[in-house]
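Chemist: So you can see what is in the structure, the chains are spelled out below.
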Amino acid sequence: MRIDKDLVAASATPLVLGILLDGDLYGYAILKRVAELSDGSMQWTDGMLYPLLHRLERLGYVSSSWGTSEAGRRRKHYAITPSGREALADRQEQWTVVADALRQVWHNAQRPPAVEERWA
Amino acid sequence: MMELRPELEARIDRWRGYVQRRQAISPADVDEMEDHLREQIADRQATGLDDEEAFLVAIKRLGNLDAVSREFAREHSDRLWKQLALVPEDSDDGGAPPWRELAVVLALAAGAGVAVKLGLTWLDDGAALARNLGLLAFPFLGAYFAWKRQLTVGVLAMLLIPFAVLAVVLNIYPFASGGSTELLAILHAPVVLWLLTGVAYVGGRWRSDSRRMDFARFTGELAIYFTLLAIGGAVLIGLTFATLQLAGTDLEPVLEDWILPFAVPGALVVAAWLVEAKQNVVENIAPVLTRVFTPLTIAMLLVLLVVLAAAGGGLADVDRELLILMDAILILVLSLLLYSISARDSLKPPGLPDVLQLTRIAEFGFSPNKVAALGLNLLLLVHLLWSAWLSVGFLRRRRQFTALVRWQTRYLPVYGAWAAVVVVFPPIFNFG
Numbered sequence: 001m002r003i004d005k006d007l008v009a010a011s012a013t014p015l016v017l018g019i020l021l022d023g024d025l026y027g028y029a030i031l032k033r034v035a036e037l038s039d040g041s042m043q044w045t046d047g048m049l050y051p052l053l054h055r056l057e058r059l060g061y062v063s064s065s066w067g068t069s070e071a072g073r074r075r076k077h078y079a080i081t082p083s084g085r086e087a088l089a090d091r092q093e094q095w096t097v098v099a100d101a102l103r104q105v106w107h108n109a110q111r112p113p114a115v116e117e118r119w120a
Numbered sequence: 001m002m003e004l005r006p007e008l009e010a011r012i013d014r015w016r017g018y019v020q021r022r023q024a025i026s027p028a029d030v031d032e033m034e035d036h037l038r039e040q041i042a043d044r045q046a047t048g049l050d051d052e053e054a055f056l057v058a059i060k061r062l063g064n065l066d067a068v069s070r071e072f073a074r075e076h077s078d079r080l081w082k083q084l085a086l087v088p089e090d091s092d093d094g095g096a097p098p099w100r101e102l103a104v105v106l107a108l109a110a111g112a113g114v115a116v117k118l119g120l121t122w123l124d125d126g127a128a129l130a131r132n133l134g135l136l137a138f139p140f141l142g143a144y145f146a147w148k149r150q151l152t153v154g155v156l157a158m159l160l161i162p163f164a165v166l167a168v169v170l171n172i173y174p175f176a177s178g179g180s181t182e183l184l185a186i187l188h189a190p191v192v193l194w195l196l197t198g199v200a201y202v203g204g205r206w207r208s209d210s211r212r213m214d215f216a217r218f219t220g221e222l223a224i225y226f227t228l229l230a231i232g233g234a235v236l237i238g239l240t241f242a243t244l245q246l247a248g249t250d251l252e253p254v255l256e257d258w259i260l261p262f263a264v265p266g267a268l269v270v271a272a273w274l275v276e277a278k279q280n281v282v283e284n285i286a287p288v289l290t291r292v293f294t295p296l297t298i299a300m301l302l303v304l305l306v307v308l309a310a311a312g313g314g315l316a317d318v319d320r321e322l323l324i325l326m327d328a329i330l331i332l333v334l335s336l337l338l339y340s341i342s343a344r345d346s347l348k349p350p351g352l353p354d355v356l357q358l359t360r361i362a363e364f365g366f367s368p369n370k371v372a373a374l375g376l377n378l379l380l381l382v383h384l385l386w387s388a389w390l391s392v393g394f395l396r397r398r399r400q401f402t403a404l405v406r407w408q409t410r411y412l413p414v415y416g417a418w419a420a421v422v423v424v425f426p427p428i429f430n431f432g
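Chains as they are written, first to last, in my numbering: chain A, 1 to 120; chain B, 1 to 432.
By construction, these hints were calculated from the structure, which means they are not laboratory data.
Every residue gets a Cβ at the ideal spot worked out from N, C-alpha and C, and that includes glycine.
Keep in mind that the hints are not guaranteed to be accurate.
Label pairs and their calculated CB-CB ranges [what the hints assert, rightly or not]:
1. S63/A with D257/B: 50 to 60 Å
2. D78/B with D100/A: 34 to 44 Å
3. L21/A with V292/B: 52 to 62 Å
4. T96/A with A46/B: 36 to 46 Å
5. E7/B with M1/A: 29 to 39 Å
6. A9/A with L102/B: 38 to 48 Å
Isolated chain B, as found in the complex (with noise of 0.2 Å):
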């Protein structure tokens, strides 16, 4: 056998490269034209050609890449319908066994499954779990991306500083009972939390924009994944309850104390897997449903917008409710905009004019709640507002789409702060 140069190995495995996009063509099948080009080439490089010419003739003899790649679509049709394959096939890499991550996955979820059902056992105070609820769960998730992504110590310690930080703010402050503070804690501390899975998601690169967009696709297909499984779940569940109940055995107690705490932590860690394996394999679902529900979300402000309009001054006391109400459609708004955006995909934010009369609307007067609601009013405010000003440069072509890209992933750390400062306020208003 002759000695390929490395210029020539070069060019193969960008060839290689090359033809392994293609969904129709298996690695396998790509193994297979390998050994016929490198033949080829070795065949006319025996008859007097050198390396760049050799490789030229045998990729040119190998015929059109779309057209062999549409005979092989048509044997292997099967191939364009991606199939999930929980344990990779090709374990060609050496190293690591198929099953090892499916064994840490598993380990992890189980883990987090008991950790939820300690805490269930020890923390009596209803308000005192809620509120470790996150601090529990999340350090399976995190150690599953550490584990992954193999972060550095200096990244672990990012992750492990906040996350300290956060279980002691939590577990020290005198929160009243039933106070507004404590409430809002309990809300905006699983925020922080998942922000710190992000650092952990993108291995620490939290700079990169590219990554940190990465990372809002991930969590909406996460979200979609875990509702899966939770629909899956629960027929599941429906079915044996239906079936015990009428052999006589109820089994709510067991769903209560055992099924749902190891059941809920565990999925969240299974989706996030499930979520990291599918990522090539499947079609994003966030843009697809974002794309459904924009022109619906458009007619929904709409009618809001008439009926707030309509109601007039009598909106003038309504401020925590609406403010809170506001945020969760600001969110919505927004989450359109990010996933369609993370689709590349240009949209001009819906409901703009919308967002501008309501935020008006809301009245001023402190309390921990309404400054909680005003604050990610504001930032939500701000985010869609600039949104709007570069997507119009990017619709008047002033503008690249990019910038509109770096300004969604460079703004998500804000929310990520300001939960932060809603967790950690309460002594502002002495805990209540």
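For reference, chain A alone in the conformation it holds in the complex (with noise of 0.2 Å):
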């Protein structure tokens, strides 16, 4: 199942956020880290990947840092900062709400309405 683009921008923030949470990393282990958490069926364009990260890092939500890899090319480290911690925390606080909307939704749209029938 491929999700659909505007849903993948969307939460494009708080799952960058939410994976640097557990550590610092570059932009491809990010990458792969979210295909990991969606089985896959979350594809970015993985160039936009980089833009996104400098507007978090311009926003103050991570930091960067060079370093280098393991085969000595330059490499650039992500970290979240504590205003990311806060702004990952208010994310969450509004994927919960939306989340608890469309569960609702969802469990009354389970429920075949009497109206569609009677225009069917």
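Each of the two chains sits in its own frame; use the hints to bring them together as a complex.
Modeler: Written out as structure tokens, the structure is:
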């Protein structure tokens, strides 16, 4: 199943922040983690991750530092900051509300509405 | 870590070059994405894909570069306003410390100032000074490009020998005091020097059309930067002047004796460096100004044409001044033409009928001034006529635009040659 791209975009920030909660990571590792968490159904355009990370950095939610990879290449690592944690908590609340509302909608939708039969 | 094969390395290099051309993506971002790309390739290879397949998958997954670059632009909109970094940020290439060029430029600027100041001190005679002023400042500008382009001995010789000849001619010729030939030599020597600067600028590759066009662009930008520096300097000096005057100190002697001799040649070197430093950063201004002034100039030429036609016979006597004025107008038209071509825009040379009309009016009769002005007039005329011919061919799609560009850049040295002739020809007129 493919996830709609608006939905992917909306969930990108909390996902990245949440993944960084477990420890510092670099771009490619973050994307791998996203794929693992969603069983590969949340496919990002890889290149779009970097402008997102830079935006989060500008907002002060993550900080970055240059290191080196095992192969000796320059590699940029990202870490979540305290204000990133706050933002994440805030997003989590929002998503909980959304998920909750959606759950109720799904629940109601399972009972076939009488209206629909009359119009059919 | 897996060993990558040279072919794959080459592909990644090409990709890097391609991405780096995006303004919104900085070199550090490219590094970051390259790391990503390599990781992705390594992972794909681990699942059994060969180099090429792995590369293609990795590129595909990075996404459409336009879209990614737009995202970067949205996040870093400031990058689209390119900032001129006087000292380059990334000195990754190792080697020279980033401030070295700045130091060299400042040293050369100061050197040019000292040379001119010494000239002012030692050469009392105003005319001798005027003859040598260019000679004093030029070596420093030339030295900057010699250093920057790492000129070979051959090219250096090509610069130094004409320079020496020019210096000798200008100083041993027994010019009659206040004569025309002296004035002409003073006016034309800088043109020769400028052409030598061009040789240094193109790193000795003066046979290359595109390098010569670069020098034409450089000249336009240099003029603009120099003007901007001059305006800035004038504001600064004016403020200092006014303030010191209130305090009862007169700055004028200091200005004449010290500030101007150092500031003007120094500004020339600094402007050259700024143009060099900014060439990839800021859009060229000369073509922009050209677009603004081309219609205005056409209007001006039409007015002149009408006025001159109305004046009719009365003009036949006006010779020298008219010739010189026409030269100035032709040079203006020519620069407009040159800079609109430098921006790769096709354009018919404006005012060609005027050129024909005006050069015909002037009367013959040989004096050094007339010969110099007329020669330049003829050169300009040939230049513009052939440009017009080529432009028509281009507009009728019979010719390539490059033919026009080639003609422009190939013709430029002719002016230098003419200037050299003018500097050398005083003996014909007994240095009068």
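Chemist: Tell me the hint numbers this structure goes against, listed in increasing order.
Modeler: As far as the earlier hints go, not one is violated by this structure.
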